[in-house]
Amino acid sequence: MDLPNDLIAQPDVVLLDVNVNTRAAALRAVHTPLALVPGVNDEARFLRDLQERARVASVCIAAEVALPHARTSAVDRIVLGIGRLEAPGVAFDAEHPQVRLVFMIGTPKQQVEGYLKLVSSISRLLKTEGVRAGLLAAATEAEFRALLVRGAGA
Amino acid sequence: MKAVTDPAALLMRRLLRLLRWRLWIQEKLQFTEWQITLLWAALAGFLGALASLLFSVLAEGIHELLTGYNSGVVETMRQLPWWARILVPAAGGLLAGLTLLFGQRLTREQSSTDYMEAIVIGSGDLPVRSSLLKSAAALFTIGSGGSIGREGPMVQLAAMMASMLGRWRQFSPPQLRLLVACGAAAGIASAYNAPIAGSFFVAEIILGTIAMESLGPLAVAAVVAALTVRVMTNAHQLYRVPAFTLNSPWEMGPYIVLGLVAGTVAPWFLRSLRAAERWFVGTSMPLIARLVLGGIIVGDIAVFVPEVCGNGYTVVLSILNGHIAWAALLLVFVAKWVATASTFGSGAPGGVFTPTLFMGASVGYLFGAAVHTLWPTGASSPEAFALVGMGAFLSAATYAPVMAVIMLFEMTLSYDIILPLMLCSVLAYYTAKGLEGQSLYSEALKRKTAAIPADLLSTGSVRDLMKTKPETVPATARFAEIARMFLTVRINHLYVVDADGRFLGAVSLHDIKPYLGEPDLAGLVIASDIMREDFPRIGPKQSLSDGLAAFLGVTAERLPVVEPESGQLVGSLAKGDLLLALVEKRKKTEV
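The listed protein sequences correspond, in order, to chains A and B. The C-terminal residue of the first sequence carries number 154 in my numbering, and the numbering is unbroken. The C-terminal residue of the second sequence carries number 591 in my numbering, and the numbering is unbroken.
Bear in mind the hints are in silico, worked out from the structure with no lab data behind them. Just so it is clear, CB atoms sit at the ideal spot from N, CA and C, and this is done for glycine as well. Among these hints, one or two may not hold up.
[Claimed, not checked] Short, incomplete list of chain B residues facing chain A, as computed with Cβ under 10 Å: (1) L66; (2) Y69; (3) E277; (4) V426; (5) T476; (6) D511; (7) P514; (8) D520; (9) L521; (10) G523; (11) L524; (12) V525; (13) I526; (14) M531; (15) R537; (16) P540.
Excised from the complex, chain A in its bound form (with noise of 0.2 Å):
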């Protein structure tokens, strides 16, 4: 099994059009739904941590794409929640003001490799021609769906 390719052509939380004016708001908006799925024991642990780590540095890889991600107990098997939030976005930090894709990831402790290939993968999805736009621009559910899909088969 290719488990981030996997992963991101089947994320385990999709939310499209997220209405959030602050980061504490959007990283709220997408665990919610995440941290119903199996295999997150522990809902709030897991969102201090991402909220921990979000505040130690930074979790942007460019100006409208954020990965918030924990390593953390809370979880027994890498999680992945993908949120797209309403234009103009928000600010993450002082240099991504206007984040508006959001993978939000939570790994269990021990699994470091599995964490990296997820993040690599995420990247390369991200840079993989027209996903990036397509993902902002994409009208339905089943289309953003679509695009990851095709972008992790890349």
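With chain A held as given, fit chain B onto it using these hints.
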């Protein structure tokens, strides 16, 4: 595709590319800590050979300065008038004494210069000034014709060079001791043009083990030293001898007896050296006077028997090639025994290894000649008995039969004599051990071991071996910073600590290696994202056995040393240091 123009991004990309190249090279060459040790051993061998060559040149220069002749010591003594034969060794003793006296004032605070002590019970730290002064004193003794070997100072200098090298590279004590041992092996290898024997001399006599952890570096150092000497001089096998063969199986009978004889005489030879030392010390004369007296005794003997001067090399050559009659040799044998005891007992710096070879050759030849007279077919060639006698006597004196057999083979390249040589050396070893229980070196080592506090030997905690100040990064260190650290420091695990220095985990180079070409990760990933919190660790007070157990099932070459109560990272423990220390500890227990 958009070109990257940001200088910081460009720099980062280059940095990551550089690290990828380094890792590629590292993977292809697969340099482990042990392989790095071999490289340093090779350098120690090279430097040791240079030091040995320099000492030889200086010894010949001093000899020419004192005598006006540039021929061998025995040849020179034959040409000197009787009064000069007394005066030159006495003057050599005076100069050696003055050098040592001057050295005592200059180096009062320094530790022992003995390379064996530095390897076996010390930290591997050989003081430079003291070693140089001791070697300078040895130059005067040897250059003036003292009945002592030059291999001792050569080994000392080679070991000192290795010690300097190890201290410069800030080696841990076990590594430094191993490097000094490599220097000693290089010294023997270059002195006798015998790399295998050089390795086994140190392994068998000093380290007391032929474990590959130590023998490998010793062999590398010895081979490099021998090669260096061969390239820089016209070195060949030390003793050119005719081909000796075992003419009849019946000859093994006399060879067995020779083994017993050599094993009996060798302990007496060693006892006589110690007795002479006690006598000289008992005279209560100052060191200079003792050295002058030792020189005068040698000089007096040399008036009648000039062959006693020097280390005995030329006489051994004459014996092995049948150029000396047994009656003349008997006289030289007795005179040389007294002369060596006088020089050694007076406290002159130098070695007794080559004089020991002379004693063995003489005993062997005299025994072979006696058997030949009574039973010609039982000893058709007394010279062959001389050769076997050298090995047997050396084995009995050093308690190192393997080294003795190898050394004799290497020095003569005479394989035909190997069967009686092996048998005789083993018999002599067991005979001497049964009679005496002390070898040429074991007594000195035992004395030194007894002189150090008992608790120093019994210590065996991780704290003694750990290296302090390991490379660390904070939990917030970015991927780029971590990559840069891996590029500058040759490690496979980088320790992550919090602001108070508490150990949090370790970032593995193996984990991040596949992602070094991805600049996006450089700004996103931080140490706490990728550190392994369950990385094994050990406490500073834990025993060495605990340390070894901690390495079981772990591929890491080093483990973090963490205070169990506070969680503070206090150092790191290398697997190589641990293995060396355990080998050393076992040896010390045996001593």
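Okay, the hints, checked on the actual structure:
1. With 10 Å as the threshold, the beta carbon of L66 (chain B) stays out of range of chain A, its nearest partner Cβ sitting at about 71 Å, so the hint is violated.
2. Contact between Y69 (chain B) and chain A, as hinted, is not supported at the beta carbon level, the nearest pair being about 74 Å apart and thus beyond 10 Å.
3. At its closest, the beta carbon of E277 (chain B) sits 65 Å from a beta carbon of chain A; the interface hint therefore is violated under the 10 Å criterion.
4. The beta carbon of V426 (chain B) is not positioned within 10 Å of any beta carbon in chain A (closest approach about 57 Å), and the interface hint is therefore violated.
5. Checking T476 (chain B) against chain A: minimum C-beta separation of about 6 Å stays under 10 Å; hint holds.
6. Contact between D511 (chain B) and chain A, as hinted, is supported at the beta carbon level, the nearest pair being about 5 Å apart and thus within 10 Å.
7. With a least beta-carbon distance of about 8 Å to chain A, the hint placing P514 (chain B) at the interface is held under the 10 Å criterion.
8. For D520 (chain B), the interface hint holds, since its Cβ comes within 10 Å of a Cβ in chain A; the closest pair sits about 4 Å apart.
9. This hint holds: L521 (chain B) has a C-beta 6 Å from the nearest C-beta of chain A, less than the 10 Å allowed.
10. Because the closest C-beta pair between G523 (chain B) and chain A is about 7 Å apart, less than 10 Å, the hint holds.
11. Annotation: interface hint on L524 (chain B) holds; nearest CB of chain A at approximately 5 Å, less than 10 Å.
12. Because the beta carbon of V525 (chain B) sits about 7 Å from the nearest beta carbon in chain A, less than 10 Å, this interface hint is met.
13. A cut of 10 Å between beta carbons decides the hint on I526 (chain B): the least distance to chain A is about 5 Å, and the hint holds.
14. With a least beta-carbon distance of about 8 Å to chain A, the hint placing M531 (chain B) at the interface is held under the 10 Å criterion.
15. Residue-level restraint check for R537 (chain B) is violated (minimum Cβ-Cβ distance to chain A is 16 Å; threshold 10 Å).
16. Among the interface hints, the one on P540 (chain B) is violated; its C-beta lies about 26 Å from the nearest C-beta in chain A, farther than the 10 Å criterion.
Of the hints listed earlier, those the structure fails to meet are numbers 1, 2, 3, 4, 15 and 16, in rising order.
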